[in-house]
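Now that you have both chains on their own, put them together as the hints suggest.
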Amino acid sequence: MGMRKVAIVGAGITKFVRRAQETGKELSWQASKMALDSCNLTLDDVDMVTLGTAPDAFDGVHMKGEYLSDGAGGIGKPYMRHFVGGGTGVFSPIHGWFHVASGMADICLVVAEEKMSSCHPHPAGAFLTIFDHTTEQPLLPTLMWIFALEMNRYMETYGITKADIAQVSVKNKLNAMDHPSAQVAEKITVEDVLNSETLCWPVNRLDISPASDGAAAIVLVSERVARRLTDKPVWIDGVGHAIDTAYWATRDLSYPRYVETAARQAYEMAGITEPDKEIHIAEPYDPFDYKELHHMEGLMLCPRGQAAQLTADGVTARDGNMPICPSGGALGVGNPIAATGLMKIIEIFLQLRGEAGKRQVPGNPRCGLAQAWGDLMQMGTVVVMRN
Amino acid sequence: MKLEDFELRGTNLKSSDFKTGKVLTTEWEPDLKYAWDDGVAIGRYLAELGKGRIIARTCYKCNRTMLPPRMFCELCFRPTDEWTFVKDTGVIETFSIAKVNWDASRRGPKEPPLLPAVIVIDGASEGMGIMHMLGEVDPKDLKIGMKVKAVWKKAEERTGAITDILYFKPVAAKKKAKKKAAPKTRGKR
Ligand SMILES: [Zn+2]
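Those sequence lines, one after another, are chains Y and P.
Using my numbering, the letters of the first sequence map in sequence onto residues 17 to 403.
Using my numbering, the letters of the second sequence map in sequence onto residues 7 to 195.
Extracted from the complex, chain P is given alone in its bound form (with noise of 0.2 Å):
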């Protein structure tokens, strides 16, 4: 058999079909709402971030200090073991410059790009990033590579969620023997 030989079909709408009323259309705008409960470990790391800490938690088989965290280790398939405070800084794993939304509709001359990126935090296992934007960057000025260090809402506007990391800001590498790091204390189990 060879393609050419069939009259293949489908048939590609024109606009002017459309005025021309040679198609008709129903439409449904649905109007549903989710409410999508935390659960176990996500609703810990919410609250953490309420109060300005990343948590993570720790699989003692695999060693693995897992972000976001998971009260089971898919790896191993059994229970995760401890919690574990990471550091609110990290590294740009990459990163994207991008005059989409979400619903594929274009950024206005005036908006400035959006910079979603993959960053690895520090004190969670190697490659363990999360996506979150980038902020008070030049965007020309994005590395991979980059050390970054979370923006954090004012503690009264938090309310446990993601965005309450208002986005990751490059920290300048120049000070090597930085003291004030972020808690490395370890949670209860």
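Chain Y on its own, in the form it takes in the complex (with noise of 0.2 Å):
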């Protein structure tokens, strides 16, 4: 496709937390210099920088790229937010991507910034105008409705029990105990799931991510400078990003399509025919633990309705054959959406260098993969990387 090469050589994060003192361009500054600093980049390095954050609403803010712009070292450059809903964060990387691949920019700055604590009493509120404002709105929906509905038709397709999920949380949290940033890491069992208050039936509390304030930042370089900055780079070897339709009430909810379309476009590029096999290690968006294995399903690293089993097995440990969300994931970490998708990106970056200490999976990964999904169920994003 004349594509260049691209490298990721950088890497910055903050802690995730309830609600942050810092202001979203304050942990949008911090990720970023941590980024730049892991690399011994400065900001007149950068020739772009990209930015990713969630619904303005969340902040009360209107126009959020623009306000974070110079937290994110936006300024002077060609610099643009993206925002793709809950998918974001793993779209941050392919937006930078697309700068440094079509010869555009040898060096990208992409930064994820969410705080959703600004809205009150719940960002959950944030949510409502998702929905169709004249066909669905006046009934009142919340997100939680849509996941729980999903949940439940995902448990009828393939004969799945609340249980069965509940080991996803519980796995991610416990891993999340070795992640710095780690806002709700604890070791907990699937009884303490299944306990946990109901609040849209499947779905209870701790089936669920947090809210949280956070920020992450990664450098995207081409192969020229990456060979200049570091003898350990991360190549970006596929990319993909798919929609499927707004008229969520009208498909198949117990598979996540557009996961699929994102994932073999993905594929295709990084030449990859066999993901379960070719594929170490992956980062699926884990909101609610639910999703962790219908992502799982829709990126094909498994049949259709055997991601649960995997995971009694033991296959997605840390430890196990195909480690899932070794990071701790949204789950565990927590959740500032757009800064999820990057933590898990950073995650497989630096598992795939050797550098995750603690969360370290063993057997020298290769080839790992992280996706997120967002808007109204319906976006997929996924990137391919190997070192």
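Simulated from the structure, these hints should not be mistaken for lab results.
Misleading hints may appear alongside valid ones.
Taking lysine-lysine pairs in the DSS-like style, the calculated list, with each CA pair at most 27 Å apart, reads [stated by the list, open to error]: (1) P:K20 with Y:K203; (2) Y:K178 with P:K25; (3) Y:K41 with P:K28; (4) P:K25 with Y:K41; (5) P:K8 with Y:K41; (6) Y:K49 with P:K8; (7) P:K8 with Y:K21; (8) P:K20 with Y:K178; (9) Y:K374 with P:K8; (10) P:K20 with Y:K41; (11) P:K153 with Y:K178; (12) P:K8 with Y:K178; (13) P:K8 with Y:K248; (14) P:K57 with Y:K203.
Here you go:
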């Protein structure tokens, strides 16, 4: 396709917290500065900046991209904000990849920020206006409803129980105990999940990731620059993104087709034909525990309806054959929407460099994947990386 | 690089930080109102709801009868062709028993749970569901695949809104040869 190779060479992240003292600008600055420091670059070296952040309604700040531009290092440079709902954080490196792969930039700073805590009484209220204003909003839906509806349909289609699904929350919260950014890392049991407050059956409180504030950033560079900066570049070998219809009630809710569409693009670009064998480690988006399973299936990492069994068999544990969300995921590290997706990219970056510390998976993984999903459960974003 | 080698930033606030004035907060409560026009397709949909009927649009190219109705087919990317009345019965595709309101506040102990569902409407194409509510049912008895029927507001109380249907209630599946189905008339083009 005439595209240049693109590498990740640096990363930065803040702690993920329920309510941060820092503003969104300050969080963005901290993650961006850390990312540049980590690969010995300064802002002067950066050609272009992209910023991902989810709905303006969280912050009550219109044109959030412009508001955050100074914290993200965008002043005086080509700078653009992108937003695809919960899929934003994995779209962020794709947006940056466009700039570098096309030859428009040699060094691109990619920043993702979210400050959900400004919205009261709860940021969930900001989601009312994602539903169709005439045919759905008058029924006063909350986002949790459609997760509950999707989870119920998924359980019914494949005969999966709430306990099967709860294992994901247990695993990810445990993995997060080793992540320095983690907000809700804890050692819990399946019973704890099942006994936690039922919010929207079949969804209980511990099935859900928390609302969070946080930011993350990475540095993307061309091959020539990568060879100069590091002997451990991690290459973005495949990207894909796809959207399905906003008439969400007309879709097969048991299977995320939009994730499969995005994954097929990324796999074709990366030359992957057997994802379950060729991908060693994955960070699918897990804002709800069933979504990790749903997404593993959409990513074709296992046959449909089989992801829960793999989890029960320990295959997806950090020391399993296919570690899934070794970071701790949104369920454990926290879920500042856009920043979560980029946190997942950073985790694969560190894992492929062998620099994930206590979280390091065994067996020197060579190929990893991060995925996010969003909007009205319709947007899939996928990035495949190799060392 | 290792994350552990950096001092990660981000200061978690505690409620005491607000009480002691460590953190100052500026508040704004917007009082904006939006008025969303119904448009061509949804305009007719709402008007028919006001008459106690559900109407869809059919695309002759892909043969889908679509709910909610739309003037263009997003798959064929061409105009849709025909108004099609569908029934006010359907099947529960999925449901939830919700103890949470739209703003994440909890339902009170005496408030019944909300029962949102996706209902595939009879007469629309396979899988063409709409979101609506369930009622007149013990949540414990709910099952995916149940037949349901719309419970309408009284004619004089309808306003041409999705809420002209109060909710859908399960219908007994025993009587097989039930005659009085909803009108299957085809509307004018
Ligand atoms: Zn069509």
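Here's how the hints hold up against the structure:
1. P:K20 with Y:K203: holds (23 Å)
2. Y:K178 with P:K25: violated (40 Å)
3. Y:K41 with P:K28: Measuring from Cα to Cα gives roughly 20 Å; hence the hint holds.
4. P:K25 with Y:K41: Answer holds: P:K25 to Y:K41 is near 25 Å, not above 27 Å.
5. P:K8 with Y:K41: It holds: about 24 Å lies between the C-alpha atoms, which stays within 27 Å.
6. Y:K49 with P:K8: holds (15 Å)
7. P:K8 with Y:K21: holds (24 Å)
8. P:K20 with Y:K178: violated (33 Å)
9. Y:K374 with P:K8: holds (10 Å)
10. P:K20 with Y:K41: holds (21 Å)
11. P:K153 with Y:K178: holds (25 Å)
12. P:K8 with Y:K178: Measuring from Cα to Cα gives roughly 36 Å; hence the hint is violated.
13. P:K8 with Y:K248: holds (13 Å)
14. P:K57 with Y:K203: Cα-Cα ~56 Å, so violated.
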